[in-house]
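J.: Use these hints to put chain B onto chain A, whose structure you have.
These are the residues of each chain, in order.
Protein chains: 2
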Amino acid sequence: MLPTKAYAAYSAGDLLKPFEFSRRTLGENDVAVEILYCGVCHSDIHQARGEWGNSTFPMVPGHEIVGRVLARGARAGRHAIGDLVGIGCFVDSCRSCSSCQEGEEQYCQGHISFTYNGTEQDQRTPTQGGYSSHIVVDERYALKVSPTLNLSAVAPLLCAGITTYSPLRHWKVGKGDRLGILGLGGLGHMGVKFGVAFGAEVTVISTSPKKKADAERLGAHDFLVLNDDEAVSKAAEKFDYIIDTVSAEHDMNRVLNLIRRDGTLIVVGVPPKAPEIHPFSLIPRRRRIAGSMIGGLRETQEMLDYCAEHDIVSDVEVISIADINTAYERMIRGDVRYRFVIDAKTLK
Amino acid sequence: MLPTKAYAAYSAGDLLKPFEFSRRTLGENDVAVEILYCGVCHSDIHQARGEWGNSTFPMVPGHEIVGRVLARGARAGRHAIGDLVGIGCFVDSCRSCSSCQEGEEQYCQGHISFTYNGTEQDQRTPTQGGYSSHIVVDERYALKVSPTLNLSAVAPLLCAGITTYSPLRHWKVGKGDRLGILGLGGLGHMGVKFGVAFGAEVTVISTSPKKKADAERLGAHDFLVLNDDEAVSKAAEKFDYIIDTVSAEHDMNRVLNLIRRDGTLIVVGVPPKAPEIHPFSLIPRRRRIAGSMIGGLRETQEMLDYCAEHDIVSDVEVISIADINTAYERMIRGDVRYRFVIDAKTLK
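Protein chains in written order, with the numbering used here: chain A, 1 to 348; chain B, 1 to 348.
Source of the hints: derived by calculation from the structure; they are not laboratory data.
Quantities reported herein were computed from a predicted structural model and do not represent experimental measurements.
Heads up, a few of these hints could be off.
No distinction is drawn between identical chains; accordingly, a pair holds when it is met within one copy or between any pair of copies.
[Said to hold, decoys possible] Straight-line distance between alpha carbons at most 30 Å, and here's what the computed DSSO-like set of lysine-lysine pairs gives:
hint	residue 1	residue 2
1	348	144
2	172	238
3	234	273
4	273	238
5	238	175
6	345	175
7	144	175
8	238	345
9	345	172
10	172	144
11	210	238
12	234	348
13	5	17
14	17	175
15	273	144
With the rest of the complex left out, here is chain A:
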C-alpha cells in the first residue's frame, strides 16, 4: 500500500481540501508512479462540484498526469524504474470488447475505469486521480513520455491534447482542409497547434475579440468573432470541419451554418444543457455532427511521440496545490492561458 497525499472534494458544494489515503498494493502488472505534474481540466470542476450528477465523494480529481516510475510488479516489464510516464483519463478497461480489441479503449463497451470518479475493474473500488503525490496503475495504461519536453507542459496533452488530436487524425484533417476551432481554451489552443502542424488552414472562432492576438501567436491563419453577424454571414459554408470545444451554452445552429456541404462539426465540449439542433441546420447541406472522446492508448502514445518530435506542448501556468480552488474560479472566468498544472512537489 502506497501512502498518498492528495487534495479531494469531500462533497459537491465544498472546496477541495487535503486528503491522505493509501494507493493499492502493487499488483504484478502494475507500476507505482511518483506524480510530478497534473493538469487541471474543466471536467474536474464539473465532477468535483457534482454538476454532471454522477459524482462520488471523497473525490481526488486529475487525469492529466506526468510522473516517474518508482516501482514495478513482478510481471511488469514495459517501463523501467525512473522512466517518465503519462496517465490520462482512464486507468483500465475491459480489454475484451470490440473497442478494446481495436485499441479504442476510450469507447470500451464493457467497464472502463476512469482515472477518478470511476471504479476499478471490480466495479466497486473507487479510482482516485492525479491531484496526488502517487498513483498505482497497470503498466499498459501508463504511456511513455519523452524527457526532452517541458514536463509540466506535457501533462495537459493527456486529455486536452489527445481530445483534439484524435478527431483530427480520425477524420484525416490536414492539407487543403479548412478547420475551425471553436473556443480558445485548454482544448482549443491544442486544436490550433495540431491543426496547424497537420497542414490545415486554421481559423479560431471565438466570442472574445481579444483572443485574436493569441490565436495568431498560436499559429492560426484566421480569426472569426462568432457574434459578429456580418463576419459570420461572410464565413457561411466555409469550413470542412469545426471542432467545438465549448462547454458553455451556445447556439450550435449558428455554428453549423459555417460548415460546407458534407462537412462535419466535431463536438468535444459538453455544455450543461443539451443543445437544440435544428434538422434544417443539417438536411439542406447534408452536414454532420459527430462526438469524439479523448483517444485510445495506441493513439495517445502516437500523439506523445508526435509532440516530442515536433516540439508541441500545452501553454501552462504551474500552480501549487494550495491554489487549486482559486484556479477553479479563474478557469470559470476564462482567466487562464491555457491550462493550470499542479506541481506535485507542493503536495509533500
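T.: Relative to the frame of chain A, chain B by itself:
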C-alpha cells in the same frame, strides 16, 4: 401559356380549393407535361398550412409528379412527345455552384427553384406544384420513367423514394450492415424496401406495435417497439445506421443509444421543434448525426431505373383531388398505407 386546373391553399388556415391559372409559355428548353399522378407528401401539409413559416399563397402543393410529355420547346430533345416523365422536389437550380456542378443540385448554394412554394430562377415568379393538370419545366429537370411500372405507385418515388435511396447510397449501406428505419410512413416504407434490396439487415423501429405485420410484409427482418424499455435496452448499440423519418417530436437521444460506435443517425424527417441532442449521446461512442435531403438529378434517375429493374414502387392509395382535405386529416392521424396519390384525371 398552358391553361391549368389545380387545387391550391389560398391562406394558411384554409382548406385546399379549386384554382385555375396559366403555366408559363413553353421555353425553348422546356417540356409541357400532362400530369397523370401526384403523390401527397407530409411536407405539403406543413407548407400549405404555413407550419414552416415560409409559405406564400395561393400555393399549389405537390412534388411527386408523374406525367406525359405533351409538347417541347425548339431546343428540347431529351424527351419525345408522349414520353413518361417524373418531376420531383425542384424544377430548376443555379447550375453553376459546386453542388450543381457535381450533380448534387438538391444542395444548390445559389438559388434552387423548389417545385412549389418557391420561385423560378428569376427569384420572383412563384412556382406551383403537381396538384394540377399540367406543368411546364426545363427538360433537364424532368426524369425518364419506365412504362413497365404502376405509374400511380411511381409518383412517390420522386420524393419519399429518393429521400431514403440517396442516403443509403451515399453511406454505402448494404450487405453486413444493420439498418434501422425509424417510422413506418411514406418515407419509412420506402427505406425498408431499398434497405432490403441493398442487402442490409433491416429493423423497423416504431412506437406502434401494430405496424409489425406490415414491416414483415415489406421485407423487414426485425421490429423494435421504441417505447418498450426492455427491448430498447437489449438493442443498445446494435445499428450501424438508423434513418430517422419521423416528423413528429421524439427523443433523439433514445434513438442515438441504439447506434454502435462510429455509427450514423441519418435525419430526413423534420419535427416541428428542434430536438435536443445531448453531447453525451454522441461523444462516448463517437456517434454521428447527419442530415440528408432528397437527391440530385443523376441519382434520382438512377433510382427510377433501379426501381424499374427491381420492380420497386411505393404502396399507395389513389384518391380523387376532391378528397385532398380528408387525405390531409388521415395523414395527420397516420391513417394511410403509405402514400396518397392524386389521380390527375379528377382535376379535369
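J.: The structure should be examined with respect to each hint, and the outcome stated for every one.
T.: Structure-based check of all given hints:
1. 348 x 144: within (25 Å within a copy, 80 Å between copies)
2. 172 x 238: Answer is both: 18 Å inside a copy and 26 Å across each meet the 30 Å cutoff.
3. 234 x 273: Both: 29 Å inside a copy, 27 Å across copies.
4. 273 x 238: This pair counts as both: shortest intra-copy Cα distance 27 Å, inter-copy 27 Å.
5. 238 x 175: within (15 Å within a copy, 35 Å between copies)
6. 345 x 175: neither (42 Å within a copy, 58 Å between copies)
7. 144 x 175: within (29 Å within a copy, 41 Å between copies)
8. 238 x 345: neither (47 Å within a copy, 48 Å between copies)
9. 345 x 172: The answer is neither: 39 Å in one copy and 55 Å across copies each exceed 30 Å.
10. 172 x 144: For residue 172 and residue 144, the Cα distance is within 30 Å only inside one copy (24 Å; across copies 39 Å).
11. 210 x 238: within (23 Å within a copy, 46 Å between copies)
12. 234 x 348: neither (54 Å within a copy, 49 Å between copies)
13. 5 x 17: Answer is within; shortest intra-copy Cα gap is 11 Å, inter-copy 80 Å.
14. 17 x 175: neither (47 Å within a copy, 57 Å between copies)
15. 273 x 144: For residue 273 and residue 144, the Cα distance exceeds 30 Å both inside one copy (37 Å) and across copies (49 Å).
Violated hints, listed in ascending order, are 6, 8, 9, 12, 14, 15; each of the other numbered hints is respected by the structure.
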